[in-house]
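J.: Keeping their order, the protein sequence lines are chains L and F. According to my numbering, the first sequence is numbered sequentially starting from 1. According to my numbering, the second sequence is numbered sequentially starting from 1001.
Treat the hints with caution; some may be incorrect.
[As the list claims (entries may be wrong)] Not the full set, but computed from the structure, chain F residues with beta-carbon under 8 Å of chain L:
#, residue
1, L1071
2, L1073
3, R1157
4, P1266
5, F1283
By construction, these hints were calculated from the structure, which means they are not laboratory data. For every residue, glycine included, the Cβ atom is placed at its ideal position computed from N, Cα and C.
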Amino acid sequence: MLGIGRVGRTASTLAVGLLLAVAACGGESGAGGGPVRVSVWAWYPEFKGVVDAFNASHTDVQVDWTNVGTGPDQYAKLKTAFTAGTGAPDVAMVEFQEIPTFVILDALVDMGEFGAGDDRDLYAEWAWSQATDGDKVYAIPVDGGPMALMYRRDLFERHQIPVPTTWAGYAEAAARIKAVDPTAFVASFGSDGGWINGLMWQAGCRPYGYSAATARDQVKINLTSRECRKVFEFHGDLVDRGLMAKDPFFTADATAALDSGKYWTWAAAGWTPGYVAGSLKNTAGKWAVAPMPQWTEGADDQGDWGGSTFAVTKQARNKKAATTVARELFGSSEAAWDVGLNKAFLYPLVKEVAADPAFTGKAYEFFAGQKVNEIFVPVSGKLGEFQYTPFQDFVFSELNDRSAEAMSGSRPWRTVLEETQKNVVAYARQQGFTVTE
Amino acid sequence: MTSAPPTAAPDADRSPPRRRVDRGPRRSSRRTTAHPVAGMLFVLPFFLVVVAFLVVPLGFALYLSLFTKSLVLGSRFSGLDGYVKAFTDPLLLDGFLRVLLFGAVQIPVMLGIALAGALALDAVTTRFAVLYRLIAFMPYAVPAVVGALMWGFLYSRTFGPFTGLTTALGLGEVDFFGGPLLLLSLGNVVTWAWTGYNTIVLYSALQGVPREVYEAAVVDGASPVQVALRVKVPAIGRAISLAAVFTVIGTLQFFTEPQVMARFAPTISAGYTPNLYAYNQAFAYSNFNYSATISFTLGFVVFVVAYVFVFVSRRRGAGS
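Construct all of the structure, not just a fragment, from the sequences and the given hints.
T.: Below, the structure is given as C-alpha cells:
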C-alpha cells in the first residue's frame, strides 16, 4: 500500500506539473505581454526564409512553422485534427481544390470578419474567387500554376516540326515525333489529378459548381459535357496510339524521360521553370515555352495546374492574429516574395508581383535565356472562374483510377468520364447532397 | 505421462488424462491467489497498456462504426447499416478478392522458400551458418516503406536492372507496375521482405527438435532428403502452420507496399486492398465512421479466415 501511495503522489505531482506546463504554453499566446505566437503548417523547405522574413518584420505576432508532410499527407493530418476537434495549427497551407472540402468540414475561419476582404484587388481574380465564397474569405492566395507548353526547341527545330498552336497540330506533331524517333513520345499522360484538371479547365469544361454560402447541400457535377469529353478522348487516343507515354509525373522514370529526349513536350505550369531547372540537368538550355495549344485555332483559352493558399483554422487560438499571418506571410512582403520567387520558384498570384519587370523580364538559363514569365503572366489573367466540389479528393481519385483502367486497356477512354460521373453523383447523393448534373 | 504434480488443482483431476499431458503440469491455484495485491500490481502496467492502446481504441472504433457520417447531414446512429453496406460494397469486395488471390500465390511460394532455407540452414554446420542467417534475416530489418521504395526503383523502366535483363532477352521494356505483372511485382517485394523472417522462425523450431530423432532416422537408413521431408518437416508442423497463420493475417492487412508503390503504379486504386480502402476513407475522404466499419469488417474476415485456417490445418495434422 505504501508503494501505491508513493506512486499516486508522484503521479499527482506530475499531473500538476503538466497542468502548469500547459498553462504556460497557453499564456504564451495570450495577452500576457510578449508577441502572440501563431502556428503554421506548410510543406516546402524554403518556407523557413518566408517565416524568418515575417518574424523579422513583426513584433506583435510571431510564427512557429512546422512541416508535417506534403499535400495529401498534411491534409490527412488536418482532417484528423478537425474530426478530433483538437490538434490543428492556427494557419495551414491549403491548395485551391481543397478549400471547399475544408469549408464543408466547418474547419476554416471567415477572415472577412477580420478585414481580409480588403485584399481582394491584390490577387488574380480567378484565385480570389476560388479562395472566397461570396463575402466570406476562407483563404489568402499565394501561388498558382498557369499552364503553358514546354517543348524541346532543339529537337523541334532539327526535325522541322512546327510548334503546335492547336491540339490538332499537337496530335500531328506527336505522330511526326514517333516517325522521327520510335522510342520518343510527345509527352506522358501523368496520372495527376491537378494536371488533367488544368487541361479540362483550358478546354472550357466546368464540371463542378458549389457555394456553401448559397446552398450548403447543393452541388453541380457535369463531367460528361462535350468540353470535358474532348480532353479525355484526345489524350486517350494519343495513349492508345502509343504516341503518349504512361509514366506518372514526378517519378524517376518520368524525370529521366524528360531529361533524355524521350519526351519532347510537357504541358506544364508557372511553377515548372523552378522544378525543371532543379531536376533536369542534361537538357538544360534545350527547352522553350510556348502558349498552350488551343482547341479552336486563334482562341486564347487557358488553364491552371496547382496553387496554394493560407487558411485560418477554426481551432486557431487567436483568429485575428492568425488572419494577419495568413494575409502577410506573403501578401506584399518583398522579403517573402524574394524567397518565394528565387528559392521556392512559386508563380505569384499577387498581381503587382507578377507584373513586376523583375519577374516578367527574368531570363531563364534553362530555357536558353527565354523570358518565360512573359507567357505565364498573361495566362493567369485569362483564367476565368473554375469551381471545385466539397469532396474533390474523391473526384480526383475516381478520375485517376478510371484513367488508369483506360491506360491498362481494361476500359475504353470514352467511358472514363461517364463512369466517374456515375460514381461521383452516387457518392454526392450518399453524402446528402442534392445533385444537379 | 506421469508428470501430474501432487498439488494439481481439483478440476485437473476430472479432465481426461490426454488433455492434462497436453497442457503440461499445472501450478497450484492456491498459490496464485496468495498475494492478490502484489499479483495485480505486477499485471497492472501491462493491463494499463492493453486498455489504453487496444481496448479503448477498439471500443471507440466500434462505436464509430455504428454511426454514419455524411458531409451534409453530419453524424447519425445507423446501427449495423454500415456493415451491410461494407459487405455489399463492390470496392471492398474487390479488395478482398485481390488480397486473397495474392495470398493464394504468394504465401505458398514464400513459405516454401522459407522452409527450404530453414532446412538448408539446419544442415549447414560450418561457421558461415551465422552469416547465412544474418543475410537471410536482413531484408526483414529494412523498414517496409524503404523496401517498397527501393523496389520501386529496381522495377523502373529507366534505371532498373530488370529492364537491362528483359531488353537483353529481346522482351523489350517490361512494365512491372501495370497489368498482370503488378500483383507479381508486389508479391516479390513481400516475399523478399518476409522470407528471411519466416526462415528464422522455422529454423528456430528445427533447433528445438532433439537431435536423437535424426540420428535414429539415419540409423534406420534414411537419406538426408528423407530425414528432411519425413522427419524434420513433420516435427515442425506446428511452427509452419503458425507462420502460415501470421502470414495469412498479414496478407489480408496488406497496406504499406501498395500505398508506397501507388506513386509508381497508377493502377493501384483507392480500394486496391481493404486496408488501403479504409485508409483513404478516413484520411482522404474524412469518412472516419465508414473507415471504422471497414476496419472491423476486415478484422472479422481476418478472424474467420485465420480460424478456418487453423481448424483445417489442425484437422489435417490429426489425420496424418
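J.: Does the interface hint hold: is F:R1157 within less than 8 Å of chain L, judged Cβ to Cβ?
T.: Where the cut-off is 8 Å and the nearest Cβ of chain L is about 6 Å from F:R1157, the hint holds.
J.: Using the nearest Cβ pair, does F:P1266 come within less than 8 Å of chain L?
T.: Hint on F:P1266: holds, closest Cβ of chain L at ~4 Å, below 8 Å.
J.: Next item in the hint list is F:L1073. Is there a CB on chain L closer than 8 Å to its CB?
T.: 4 Å, holds
J.: Is the hint on F:F1283 kept, meaning its closest Cβ partner in chain L is under 8 Å away?
T.: 4 Å, holds
J.: Can F:L1071 be said to touch chain L, with a Cβ gap under 8 Å?
T.: Since the shortest Cβ distance to chain L is 4 Å, the answer is holds.
Violated hints: none; the structure is consistent with every hint.
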